[in-house]
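Chemist: Given next are the chains, with one letter for each unit.
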Amino acid sequence: MLDSLSFRRGNEGVAIMVRVYVNDREIDVPHDALIIEAVERAGYEVPTLCYLKGFFNEATCRICLVKVNGRIVPACRFPVLENAKIVVEDNDLRKLRKINLELILATHEIRCWSCVRKGMCELLSLSKKLGVEGIPVCSECPLGEHSCLVLKGIPCLGSLTVAGCDAECPRKGSPCIGCRGYITNEDVWISALRSFYSGNVSISELKSLVDFFWSYLPRNLREILEEVSNNKR
Amino acid sequence: MTGTLVTNVEVQKANDLIVKVPLASCTLAAGANKVLESVKKTLEKLGLDASIKRVGCMGLCYLDPWIELESKEMPSAIYANVKPEKVEKIIKDYIEGDLSNALAVRRKTQELGNVPTLDSLPEWRHQVRFVSRNCGLIDPESIEDYLKTGGYSGLKKAIRLSREEVIEIVRKSGLRGRGGAGFPTWYKWRVAYEQKSDIKYVICNGDEGDPGAFMNRLLAESDPHRVLEGLIIAGYAIGASKGYIFVRAEKPLMSDRLEIAVNQARDYGFLGEKILGTDFSFDVEVYRSAGAFVCGEETALIAAIEGRSRPRQRPPYPATSGLLGKPTVINNVETLAHVATIFQVGLEEFTRYGTEKSKGTKMFCVTGSVRKTGVYEVPIGTKIKTLVYDLAGGPPDGKTVKAVQIGGPSGGCLPASLLDLELDYETLQSYGAIMGSGGLVVIDNTNCMVDVAKYFTSFTLAESCGKCLPCRVGMKVVNDILEKITSGAASLEDLEVLKELGEDIMKSSLCALGGTAPNPILSTLRYFRSEYEEHVVDKRCSAKVCLKLVRYEIDSTKCRGCMQCAKNCPVQAISGSPGKVFRIDQSRCIKCGQCLIVCPFGAVMKV
Chain C
1 MLDSLSFRRG NEGVAIMVRV YVNDREIDVP HDALIIEAVE RAGYEVPTLC
51 YLKGFFNEAT CRICLVKVNG RIVPACRFPV LENAKIVVED NDLRKLRKIN
101 LELILATHEI RCWSCVRKGM CELLSLSKKL GVEGIPVCSE CPLGEHSCLV
151 LKGIPCLGSL TVAGCDAECP RKGSPCIGCR GYITNEDVWI SALRSFYSGN
201 VSISELKSLV DFFWSYLPRN LREILEEVSN NKR
Chain R
1 MTGTLVTNVE VQKANDLIVK VPLASCTLAA GANKVLESVK KTLEKLGLDA
51 SIKRVGCMGL CYLDPWIELE SKEMPSAIYA NVKPEKVEKI IKDYIEGDLS
101 NALAVRRKTQ ELGNVPTLDS LPEWRHQVRF VSRNCGLIDP ESIEDYLKTG
151 GYSGLKKAIR LSREEVIEIV RKSGLRGRGG AGFPTWYKWR VAYEQKSDIK
201 YVICNGDEGD PGAFMNRLLA ESDPHRVLEG LIIAGYAIGA SKGYIFVRAE
251 KPLMSDRLEI AVNQARDYGF LGEKILGTDF SFDVEVYRSA GAFVCGEETA
301 LIAAIEGRSR PRQRPPYPAT SGLLGKPTVI NNVETLAHVA TIFQVGLEEF
351 TRYGTEKSKG TKMFCVTGSV RKTGVYEVPI GTKIKTLVYD LAGGPPDGKT
401 VKAVQIGGPS GGCLPASLLD LELDYETLQS YGAIMGSGGL VVIDNTNCMV
451 DVAKYFTSFT LAESCGKCLP CRVGMKVVND ILEKITSGAA SLEDLEVLKE
501 LGEDIMKSSL CALGGTAPNP ILSTLRYFRS EYEEHVVDKR CSAKVCLKLV
551 RYEIDSTKCR GCMQCAKNCP VQAISGSPGK VFRIDQSRCI KCGQCLIVCP
601 FGAVMKV
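Heads up: the protein sequence lines correspond to chains C and R, in order. All the letters of the first sequence, read from the start, carry residue numbers 1 to 233 under the working numbering. All the letters of the second sequence, read from the start, carry residue numbers 1 to 607 under the working numbering.
Next comes chain C alone, as it looks inside the complex:
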């Protein structure tokens, strides 16, 4: 802690180079460079979400965490230190990034099926990269520019099923049967159910629909189903 406190900025305009080690690769960067710039210069990549080069580095999303001399810091905000040893990727960091991404998704209203980005967003690509579950098949379906089966009135489980199959079935025109299991994010589950099936489907139809993963359904599913089917739009 004492070392990093004595960090000092040099005079403006004079580029003082400092040596850092990114994953043991030696590299010289300007003294006022950020860790993320040093890492990029060394040819590595740090996943980021809230970082926008030159504009915004408040370090709020905590996805770009790296280890500098063993201390976990956000790469988008932390300046380089002389002889710093930067670790871009290890199990610790991967775990932290994954948990943080899951936390983002926990409050993210995952409505990929009606989002303008049509599933082509950083959040989703990062989720795939880090192996974060909780995103429905619906997020992958629009990528093939196929029209939504649910909106056509065909009961499709895409909105409740974990993504990762590249939406094979809906693309071929047959509804998703939920073979990858239901998404663990209960809130998404409920909001998806509400937005798609509300008032259109009877409760018995709904029950037969979700029959596939009946054995591991959320406890209060019956109540949700009843509420959803009663709730006429």
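Just so you know, the hints here were simulated from the structure itself, not pulled from any lab data. What you are looking at is a predicted structure, and each value in this text was computed from that prediction instead of being measured. Fair warning: there could be bad hints in the mix.
[As the list claims (entries may be wrong)] Taking lysine-lysine and the DSBU-like style, the derived pairs with C-alpha atoms no more than 30 Å apart in a straight line are: (1) Lys499/R to Lys98/C; (2) Lys499/R to Lys128/C; (3) Lys484/R to Lys98/C; (4) Lys98/C to Lys129/C; (5) Lys129/C to Lys499/R; (6) Lys53/C to Lys326/R; (7) Lys196/R to Lys172/R; (8) Lys67/C to Lys357/R; (9) Lys85/C to Lys499/R; (10) Lys98/C to Lys476/R; (11) Lys476/R to Lys67/C; (12) Lys156/R to Lys118/C; (13) Lys399/R to Lys372/R; (14) Lys372/R to Lys83/R; (15) Lys476/R to Lys129/C; (16) Lys326/R to Lys67/C; (17) Lys484/R to Lys95/C; (18) Lys476/R to Lys95/C; (19) Lys128/C to Lys476/R; (20) Lys242/R to Lys196/R; (21) Lys67/C to Lys499/R; (22) Lys172/R to Lys242/R; (23) Lys499/R to Lys95/C.
[To be verified] Covered stretches of chain C (chain R as the covering partner; in silico rule of three or more C-beta atoms under 8 Å from a C-beta of chain R): (24) 57–70; (25) 74–83.
[Claimed, not checked] Counterexamples of contact, computed for chain R against chain C with all Cβ distances above 12 Å: (26) Arg129; (27) Gly174; (28) Leu253; (29) Asp256; (30) Thr400; (31) Glu483.
A virtual CB, placed ideally from N, CA and C, is assigned to each residue, including glycine.
Here the structure of chain C is known, so what remains is to put chain R in place on it, guided by the hints.
Modeler: Quick look at chain R alone, frame taken from chain C:
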């Protein structure tokens, strides 16, 4: 509020009586104002030639409101828990020489029967009153009183030395920040001193938002000049031109007294241009903040003075780029009071106490399930046991200590088996708690540790500024899981998630609020895992605190059918006919516990 008080008392006659009434937020809350009125009336009625003197609080909260009577002939005596109607008798008895009602006397001059001296009371004897030496003795709104006790002699000494020498003295003292993290004070000073800048700032951090911590408020209300003197010395050491005292607006008396102190110091030439004939100019402003827990964090505190209150990623540290981008030193109220005292009484007096790594004394607020709630100043390295049992008198009858929560919402719970630990920064940290600002909440066996953890997470959840993700969302998820556990709907997996998530939040949060917020959960999980498992597996709360896991039932052998419970039930969940055993309808019961209170036969049980 304070009426026509004499600020500085000149004792003229030999038998003049002085009545000292403590006027600080805590004593006022306990009714010191009414006592003061009563004292005034009594003195008028008895026609006594006496003066009333306002003093600060001495930190023994369980004695509030107390008064002290002093005269030339008699040793001054302290009367505890004074009721306004008792004041007349107390004063009459004292004049007649009867001290039997007194709690203690300051000094034993003659044989006084069995009235003990204050020094012999356990709650006083174990204390080392270093920074709190004036608390309860002097008038906090009078600079003359402070000057009489050696006030501002520290500043006079420091200002004759060079800046390096001042920092060197603080380095030798080994003083560490008393606000929580225990960062060496001199190091911050030196870094800020070495910065080349025309403007530098010092800030006194008096935010103090931990539940159960009030030592800063007490210190600043009872001895504000000591804090101010420390701030001026800090300003001199780094070469600052402006100082801020950051106080919550919720503590009006504290900020008022500090403002009075600043004005008086300005009048006496301790602030302003060319202080004490040197070319050091320095001024202080009391900043009243709207009050948010996160503002205790230094970068958020700076941002609050600038007009936005959210922490930012360090580095740059405030010592290099702080308030308005200028080098800024931020010290806690107690740290600055220590600085002033060190310069007043000398280094040796300070370094006599404490451990190898952390010197000096620390004020601790002992609250919760103890007989003698109060602020106690003890050397660092004192055992927790001493503080809880010897000073605070241990838990009330019939209860045992289950855990001690140290350091507020950022700290952890230590089990009763670890009460032998010494209170110092490193030891506490290695056991999962922190020294924090020094709040020490004693938790007895009627408390459920999961519920305690939930209380602290809901506090940090509400106080999180919402800037960075782990703290904002993570604490919400943690709180939801705890809610699940206390309502009996959790699985053992949730405990693993709780631990993993807690560690993640600590590692990846932006500021110290998130970096320490999971401490209460992690420490209770570490020491009271069986209690969590009981909630999860057996769906039972043995302390009978978690409402969803307890239910009220009527013991059919004890019930006499008096109908009291049915009458008082707000939801008509109790039915039965007079003379027969009553029954509680569990589906309608809201578990308010009224039936348990009103039942004259003790037939209602909480199971």
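Chemist: Determine for every hint whether it applies to the structure shown.
Modeler: Verification of the hints:
1. Between lysine 499/R and lysine 98/C, the direct Cα distance comes to roughly 15 Å. Compliance with the 30 Å bound is thereby established for this hinted pair.
2. Only pairs whose Cα atoms come within 30 Å are accepted, and lysine 499/R paired with lysine 128/C is accepted, the gap being roughly 25 Å.
3. Taking the CA atoms of lysine 484/R and lysine 98/C, the gap is about 23 Å. The hint holds against a cut of 30 Å.
4. A threshold of 30 Å between alpha carbons decides the hint, and for lysine 98/C with lysine 129/C the separation of about 10 Å falls inside it, so the pair holds.
5. Between the alpha carbons of lysine 129/C and lysine 499/R the distance comes to roughly 25 Å, so the proposed pair stays at or under 30 Å and holds.
6. Under the criterion of a C-alpha separation no larger than 30 Å, the hint pairing lysine 53/C with lysine 326/R is consistent with the structure, at around 25 Å.
7. Of the pairs offered as hints, the one joining lysine 196/R and lysine 172/R holds, with about 25 Å between alpha carbons and a cut-off of 30 Å not exceeded.
8. The hinted pair formed by lysine 67/C and lysine 357/R meets the criterion: a straight-line CA distance of about 28 Å does not exceed 30 Å.
9. Of the pairs offered as hints, the one joining lysine 85/C and lysine 499/R holds, with about 29 Å between alpha carbons and a cut-off of 30 Å not exceeded.
10. For the given pair, lysine 98/C sits about 17 Å from lysine 476/R by alpha-carbon distance, which is consistent with the 30 Å threshold.
11. A C-alpha spacing of about 26 Å is found between lysine 476/R and lysine 67/C, which places the hinted pair at or below 30 Å, so the restraint holds.
12. As the CA atoms of lysine 156/R and lysine 118/C are separated by approximately 71 Å, the hinted pair breaks the 30 Å bound.
13. As the CA atoms of lysine 399/R and lysine 372/R are separated by approximately 15 Å, the hinted pair is consistent with the 30 Å bound.
14. A distance of roughly 19 Å separates the Cα atoms of lysine 372/R and lysine 83/R; the hinted pair therefore holds under the 30 Å criterion.
15. Annotation: proposed proximity of lysine 476/R to lysine 129/C holds, straight-line Cα distance about 25 Å (limit 30 Å).
16. The suggested pairing of lysine 326/R with lysine 67/C holds, with an alpha-carbon distance near 28 Å, which does not exceed 30 Å.
17. Taken as a hint, the lysine 484/R and lysine 95/C pair is honoured in the structure, with Cα atoms around 24 Å apart against an allowance of 30 Å.
18. Under the criterion of a C-alpha separation no larger than 30 Å, the hint pairing lysine 476/R with lysine 95/C is consistent with the structure, at around 19 Å.
19. The straight-line distance between the Cα atoms of lysine 128/C and lysine 476/R is roughly 24 Å, inside the 30 Å bound, and the hint therefore holds.
20. Simply put, lysine 242/R and lysine 196/R have alpha-carbon atoms about 16 Å apart, close enough for the 30 Å limit, and the pair holds.
21. With a C-alpha separation of about 22 Å, the suggested pair lysine 67/C and lysine 499/R falls inside the 30 Å cut-off, and the hint holds.
22. Between the alpha carbons of lysine 172/R and lysine 242/R the distance comes to roughly 26 Å, so the proposed pair stays at or under 30 Å and holds.
23. For the suggested pair lysine 499/R and lysine 95/C, the alpha carbons sit about 13 Å apart, so the restraint of at most 30 Å is met.
24. Residues of the stretch 57–70 of chain C with a Cβ under 8 Å from some Cβ of chain R number 6, which satisfies the need for three, so the listed coverage holds.
25. For the stretch 74–83 of chain C, the proposed coverage by chain R is satisfied: 4 residues have a C-beta within less than 8 Å of a C-beta in that chain, meeting the threshold of three.
26. With a closest Cβ-Cβ approach of about 32 Å to chain C, arginine 129/R is found to remain outside the 12 Å limit, as its non-interface label requires.
27. Glycine 174/R, annotated as away from the interface, keeps every beta carbon of chain C farther than 12 Å; the closest lies near 15 Å.
28. Even its closest Cβ contact with chain C, about 36 Å, leaves leucine 253/R beyond 12 Å, as expected for a residue assigned away from the interface.
29. Look at aspartate 256/R: its CB is around 35 Å from the nearest CB on chain C, clear of 12 Å, so calling it non-interface holds up.
30. Threonine 400/R, annotated as away from the interface, keeps every beta carbon of chain C farther than 12 Å; the closest lies near 38 Å.
31. With a minimum CB-CB distance of about 14 Å to chain C, glutamate 483/R clears the 12 Å threshold, and the non-interface call stands.
In this structure, only the earlier hint numbered 12 is contradicted, and the remaining ones agree with it.
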